[in-house]
Amino acid sequence: MSTIDPATVRKRIAETLQLPLAKLPDERLLAEVVRESFAMVEMVIDLQEEFGIRLEQAELRRLETVADLTALVAAKCGSAS
Amino acid sequence: MIGELRGDAERWLLSYYRASEIDGALFFGRLAKVIRDPAVQYDLTRHFADESQHSRWWTDCMDDLGIRPMKVVSSYQDAYLEAGGAPANVMEVLAVTLAFERRVAGSYAAHARVPTIAPQIRATLAKIMKDEGWHIQWVSRTLENLKPSYGADAVTAAIERYAAADREVYQRTLAEHDEIVRSLDHFKAA
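Going down the list, the protein sequences come from chains A and B.
Heads up, the first sequence is in this note's numbering, so the first residue is 26 and it goes up one at a time.
Heads up, the second sequence is in this note's numbering, so the first residue is 623 and it goes up one at a time.
Read the hints as simulated data drawn from the structure, not as lab findings.
The beta-carbon is built from N, C-alpha and C at its ideal position, and this holds for glycine as well.
Be aware that one or more of the hints could be misleading.
Across the chosen pairs, the derived CB separations fall in these ranges [as the list claims (entries may be wrong)]: (1) B/Q675 x A/A96: 34 to 44 Å; (2) B/P737 x A/L54: 47 to 57 Å; (3) A/E84 x B/E704: 13 to 23 Å; (4) B/Q663 x A/A96: 24 to 34 Å; (5) A/R86 x B/E801: 28 to 38 Å; (6) A/T33 x B/E801: 43 to 53 Å; (7) B/T738 x A/E81: 48 to 58 Å; (8) A/E84 x B/D685: 43 to 53 Å; (9) B/I758 x A/D93: 28 to 38 Å; (10) A/E81 x B/P737: 39 to 49 Å; (11) B/M692 x A/Q82: 32 to 42 Å; (12) B/R744 x A/A100: 46 to 56 Å; (13) A/D93 x B/D685: 43 to 53 Å; (14) B/R735 x A/T33: 52 to 62 Å.
Based on the provided sequences and hints, a complete structural model is requested.
Okay, structure coming up:
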């Protein structure tokens, strides 16, 4: 598995949520970006399928911002490479 | 008066079923688009189509009975995710699905046991319950298949966690369904 940078993760999130990248600044709260529970589940599953990683509930509970999520996914990709 | 109450209760109940099936279809439709495991993708897509078809059957049933669907604000999905935590991976999605499908099958079966329900409702319940049996079967089988990858303990823990969440949500939310079914029985037997 290759290393993934957070910008690539952000691009994937934008595609899944059908949002422009400008709406996903690092500091933006995930709760503001994804207001609906189904969309959150879809986004989280899509990231795992796309990047070949596995996320756990405890990890997701700690996330607050877009940067937290992109960093977590990037780190998981790196640790799995 | 009793007839009016029964009519409102039935209209709410059938509208609730219809809305729940639509919500299920929307949830599984989203997941069917992103999950790549071929076996899970195949069954999940069929599950999505079933839920969509069920919403059509309830709409047909209501139309046949001359009842118009009412807007039902149902937040049980959010309540499930709040009580058990949002599923973080495919295994947890299936674990929450198993808990919910078991509850749905039980609720439909309870309704089907009311002796005096309209033939259209009985026929619709019978058609849907056949599919519900398959839903529980494929989800259970897939969770079993995921044990080597996720760990048997993790799969068992997720199933137990969402079963506990189901019991909590049922006490808070879905018990209303059973009360209404019981009221239908009471009114019609009166």
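Checked hints:
no.	hint	result
1	B/Q675 x A/A96: 34 to 44 Å	holds (42 Å)
2	B/P737 x A/L54: 47 to 57 Å	holds (53 Å)
3	A/E84 x B/E704: 13 to 23 Å	holds (18 Å)
4	B/Q663 x A/A96: 24 to 34 Å	holds (29 Å)
5	A/R86 x B/E801: 28 to 38 Å	holds (34 Å)
6	A/T33 x B/E801: 43 to 53 Å	holds (51 Å)
7	B/T738 x A/E81: 48 to 58 Å	holds (49 Å)
8	A/E84 x B/D685: 43 to 53 Å	holds (47 Å)
9	B/I758 x A/D93: 28 to 38 Å	holds (36 Å)
10	A/E81 x B/P737: 39 to 49 Å	holds (48 Å)
11	B/M692 x A/Q82: 32 to 42 Å	holds (36 Å)
12	B/R744 x A/A100: 46 to 56 Å	holds (55 Å)
13	A/D93 x B/D685: 43 to 53 Å	holds (48 Å)
14	B/R735 x A/T33: 52 to 62 Å	holds (54 Å)
Checked against the numbered hints given earlier, the structure satisfies every one of them.
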